[in-house]
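**Q** As given, the protein sequences belong to chains A and B, one line each in that order. The working numbering puts the first residue of the first sequence at 72, with every later residue one more than the last. The working numbering puts the first residue of the second sequence at 3, with every later residue one more than the last.
Derived by calculation from the structure, the hints in this document are not laboratory data. Note that beta-carbon positions come from the ideal geometry of N, C-alpha and C, so glycine has one too. Be aware that a few hints might be false.
Unchecked claim - Not the full set, but computed from the structure, chain A residues with beta-carbon under 10 Å of chain B:
id, residue
1, Ala86
2, Gly104
3, Leu109
4, Asn174
5, Arg178
6, Phe255
7, Gly258
8, Ser262
9, Ser334
10, Tyr337
11, His340
12, Leu341
13, Val344
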Amino acid sequence: MLPTPFEFDRASTVAAAVSAVGQEGEGMFYSGGTELLLAMKMRVIHTERLVDIKGIPGLDRIVLNDANELEIGSRCTHVKIAGDSVIREHVPALASLCANVANVRVRSVGTIGGNLCFGEPHADPPTMLGALDARLVLQGPNGTRSVHADDFIRSELETVREADELMIVIVFPRPTGPVTYRRFKHGERPSVNVGMAWSMEAGAHSIKSARVRVGALGSKPQPLKAVEGVLKGLPVHDAHRAIQSVLAAALDELDVNEDRHGSADYKRHLAGVLLLRNAEEAVAMQGRAT
Amino acid sequence: MDNVAAVIGMDPAEFRLKNLAARGERTRPDLRALDMDMSELMVRVTQSFASESQGSNRRSRGMAVAATDPANTPIANAIVRLKIDGSILVSVSSIEVGQGAHATMARIAAQTLKQPFSAVSTLRADTAVAPYDWGTGASRSTVVVGLSVENAALDAADQILDMVVDVWELPKESLSLVEGGVSTGSEVLTFHQIFHRTLGVDSGEVVGRGAITPRSKKGALAESPLFWETSAGLAEIVVDEDTGEIHAPRYASAADVGRVIDRVAAEGQDEGAAAMGFGHALYEQLEFEDGQPLNATPIDYMIPRISDVPPVFDTILIENGDGPGPGGAKGMGEGAILPVAPAIANALFSAYGVRITDLPMTPEKVWRALQRGSEFMEFNMSMMVPATPGDLWKTLIDVPSISSCIPGCENVEEIAPLESYKAMVKQKIGPFKVEVPAEIVVESVTEPSHVRTRATGRDKFTGTRLAVILDVSVIPEDLGSKLTVDAKVDIQGRLASMGLGVIKRRVDQNFEEFETRLKSLLGAA
Chain A
72 MLPTPFEFDR ASTVAAAVSA VGQEGEGMFY SGGTELLLAM KMRVIHTERL
122 VDIKGIPGLD RIVLNDANEL EIGSRCTHVK IAGDSVIREH VPALASLCAN
172 VANVRVRSVG TIGGNLCFGE PHADPPTMLG ALDARLVLQG PNGTRSVHAD
222 DFIRSELETV READELMIVI VFPRPTGPVT YRRFKHGERP SVNVGMAWSM
272 EAGAHSIKSA RVRVGALGSK PQPLKAVEGV LKGLPVHDAH RAIQSVLAAA
322 LDELDVNEDR HGSADYKRHL AGVLLLRNAE EAVAMQGRAT
Chain B
3 MDNVAAVIGM DPAEFRLKNL AARGERTRPD LRALDMDMSE LMVRVTQSFA
53 SESQGSNRRS RGMAVAATDP ANTPIANAIV RLKIDGSILV SVSSIEVGQG
103 AHATMARIAA QTLKQPFSAV STLRADTAVA PYDWGTGASR STVVVGLSVE
153 NAALDAADQI LDMVVDVWEL PKESLSLVEG GVSTGSEVLT FHQIFHRTLG
203 VDSGEVVGRG AITPRSKKGA LAESPLFWET SAGLAEIVVD EDTGEIHAPR
253 YASAADVGRV IDRVAAEGQD EGAAAMGFGH ALYEQLEFED GQPLNATPID
303 YMIPRISDVP PVFDTILIEN GDGPGPGGAK GMGEGAILPV APAIANALFS
353 AYGVRITDLP MTPEKVWRAL QRGSEFMEFN MSMMVPATPG DLWKTLIDVP
403 SISSCIPGCE NVEEIAPLES YKAMVKQKIG PFKVEVPAEI VVESVTEPSH
453 VRTRATGRDK FTGTRLAVIL DVSVIPEDLG SKLTVDAKVD IQGRLASMGL
503 GVIKRRVDQN FEEFETRLKS LLGAA
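One chain only, chain A, in its complex shape (with noise of 0.2 Å):
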C-alpha cells in the first residue's frame, strides 16, 4: 500500500528540522525510515511533513570526549557502530550488538536513534543503554535536555521525547569493567535481553558497583535490583555464585508479559540463563584483562 501523500523537506540543522517539524500540521523526523515508513506503508502512522535528518553534519559522530565519556551520534547506522574502532576497543559488547540487530537491511540503514525513539519492547539497545548507565540528549525548541536511558521509554511504542524534539546523540561513561550483553531470540526480534556492566574497584579484583538491565519482557527494561545489590563490593570470582543465590527472588520481581515470544515462565527463565551466562563471560574477561 502507497501512503498517504506527505511533504519531504530535508533539514540542514538540528534546528531546521526541529522548527520544521514544529510547523502547522504534524511533523515527523525521518533517518533510516525502517519502521517508520513500512509503518505509514501500512497507513497506521499518518504524517504530514517528513523531515530528513540525514544532511545535519555531526549527527553520526562516535567519540571518547574529554570527559571519558562516549558520545554516539543519534544518527549511526547499526553497521556503522558494529564497525566503528572507538566502540570495538571500549564496549565491544555494544558493537556486537548492534552487528547482530534485526536483519542486513535494518543495519545498514537502520538507526541506533530511530531503535530508541520507535520505543519497541523487543528491540536491543534500549536494554544495553540502560545497563551503560547512558542519557540521551534531546534538543527541541527550548534548547536541549537530558534524559536517563531508564527514564526514556514511558510504555511500548511511547517515549518521554516530544514530537518536535530530536534526539542528537547518546553519551554515556566509559566502562571501567566488564559489559556483557546476550539476547534469546527465535525470530526477528528477540524475546528476552539481558545487559550487565561492572565497574571495577582500582587493582580490578572486586566489583565496585554492577547495573543489570533485562529487556523485552514488560514495556521496558527493567533493573535486577537484587543481583546489583548482591554484586556490589564482591571479588569477582564470587559474582557467579551470588548471582544464583539471589536468582530466583530477582526474577520473580520482573514484570513479564505473555506473548508470541514465549510464556512467563519460560521467559522470565531464559533472562536468568542469559545472565549467568553474562556473569560467566564478566569473569573470563575479566580474569584476562587482570
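Starting from the known structure of chain A, arrange chain B on it as the hints suggest.
**A** This is chain B only, laid out in the frame that chain A set:
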C-alpha cells in the same frame, strides 16, 4: 517407529530395515508396487555421516524415511521444432517458477536429438500456442511432460531422417543424429544441407509432436502413482538444554530420483525442499487470535534463513535408471521435505527421551519437554542382616565382594580405594538389553555407618544416560544390623520411555537378589 523400537529395545534403523516394504511389494493394493529400495536410501545417508565419528554426548542423531505418492495424470503434449540452423525450440505448458522445469525439458530434447544444450530454447508457456498439459505440480513434469518432449524430439528426428532416406536414398538404419546434422556412416550432412536439398530453399524446420496419455507405453503409466517419491533424512542436532533451542549442524538427505537430468537444479530442488522441512520442523507457524493472523508478515513469520539450515548438508541423489521418465528418471523435489521433522524429533528422543508431536519444535516446547522428560525415581529399601554393624560395614567397604552381590555388576576396577571405581552394569529387561559402563565416585564416607556414592554412565545400545545416587547406611539393631539403601535414579533417554514401572520392578527384583547374596556372603564369612 523410534517409539516402537525403543519399547522393544531395538535400534531404530535396524527396526526399520527389518520391516520396510521391499522393492516390488505393495503397501496398498490400489497403489503401484514400490519401485525402489528404501534400505539403499538409509545406507546412503548413514554412510554420509560415517566419516564423522559419533558426536559428543551433546550431539545426537535421528533418522526418518518417507514415501509419498505424487499425482498420476499421465496426460501431456509437447512440440519440438528443429530448425535449419540446428537450433531447437521446445514448447510445453509447464510453468517455470524456479524449479528448473524448462531447463530440464531443454536437456531432454538436447539429449534425445544429440544436440548441444545451448542449441535448445524452451519457450515461455503461453497456452494460446503451447500444447495442452494437465498441470505443473505433484512432481510430474519431468516424467510426464518430459516423456512427451522425448516423443516430440523422436518425432522430429524421424522426420529429418526420413528426408535423408528419401533424398539420399539411404537405408534409415545406417543414419544417426550427430551434433549439427545427420551421419550417414561415411559423411555428416548438416541440417542446412538436408533442408536445402530436400525443400529447395535455405530455410525451414521440422515440427515434432509428442503426446502422453494413460494409454501410452502399453498402459504402464496408468497405475497410480506414476512412481514413488521417496527420501531418507539423517539429522545431527545439538540442544541448548537451558533454552531448549535446537541447532542442526549436519544433515544428509537421500532421494531415489531414477536418473538426474540437470544436476544443479535437482540438488537445488532437494536442498530447497529440506530447507522447507527445517521451516516447519523448527520455525514456521501461523498464529491466530480472534480469527486474525498475528504474524502474517515476513518479519514475524519466521522461515529459515541460510544461517538457520545445517552448515554441513549432504544431498544424495540415487540413480538406478529405473523410473518411468526419460532415461529412467523419476519426479523429485518434494520428498526431501518429509523426513526432516521426524529425523530431528527422533534425534531429540534418542538423546533425551522426550517426544514432541506438534510442530514446530520451538525452543519453549523443547525446554518444557526437557523439564518434564527427565525421569526421577526414588527407591528406599532396607533389610535386617544377622551381623554386627562392624562386620557388615567391613563387608560393605570390601568393594570386590560387595559388588559380587549386585546382579549384573561386572569387571569392577578400582581407580582409587574408597574414592573412585569403574564397573560394567548389565541388565536385561524383557527384550531390552542395557549395558552401562559406569563411573562410580564415593562422595562421602562416615565410618562406620554411612556411605554415599554416585554412579553415572551411558547405555551402550540406546545412549540412555543414567545417574544414580546411592545412600547406604548401617544401623545397629538388637539382633544384628539394619542395612538401608536409598537410591535416587535419574534416567534420560530412550530407556525412560519404557515406563518407570518396568524399571522399578527390575530394581526391586535386583534388591531381593542382592539381599540373598549378601546374606550368604555374610553367612559364609
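**Q** Would you mind marking each hint as holding or not holding in the structure?
**A** Hint by hint, here is what the structure shows:
1. Look at alanine 86 of chain A: its Cβ only gets to about 35 Å from chain B, farther than 10 Å, so that hint breaks.
2. Residue-level restraint check for glycine 104 of chain A is violated (minimum Cβ-Cβ distance to chain B is 15 Å; threshold 10 Å).
3. Residue-level restraint check for leucine 109 of chain A holds (minimum Cβ-Cβ distance to chain B is 8 Å; threshold 10 Å).
4. Hint status for asparagine 174 of chain A relative to chain B: holds, with the closest Cβ pair at about 8 Å, below 10 Å.
5. Using the Cβ-Cβ criterion of 10 Å, the hint placing arginine 178 of chain A at the interface with chain B is not satisfied: the shortest such distance is roughly 14 Å.
6. Satisfaction of the interface hint for phenylalanine 255 of chain A is found here, the shortest Cβ-Cβ separation to chain B being roughly 6 Å, below the 10 Å cut-off.
7. Here the hint on glycine 258 of chain A is kept, as its CB sits about 4 Å from the closest CB of chain B, short of 10 Å.
8. The interface hint given for serine 262 of chain A is met, as the beta carbon of that residue sits about 9 Å from the closest beta carbon of chain B, less than 10 Å.
9. Because the closest C-beta pair between serine 334 of chain A and chain B is about 7 Å apart, less than 10 Å, the hint holds.
10. A cut of 10 Å between beta carbons decides the hint on tyrosine 337 of chain A: the least distance to chain B is about 5 Å, and the hint holds.
11. Against a cut-off of 10 Å between C-beta atoms, the interface hint on histidine 340 of chain A holds, since the closest Cβ of chain B lies about 8 Å away.
12. Interface hint status for leucine 341 of chain A: upheld, as the beta-carbon distance to the closest one in chain B is roughly 6 Å, under 10 Å.
13. For valine 344 of chain A, the suggested interface contact is upheld, since its CB lies about 4 Å from the closest CB of chain B, less than 10 Å.
In summary, the numbered hints that this structure violates are 1, 2, 5.
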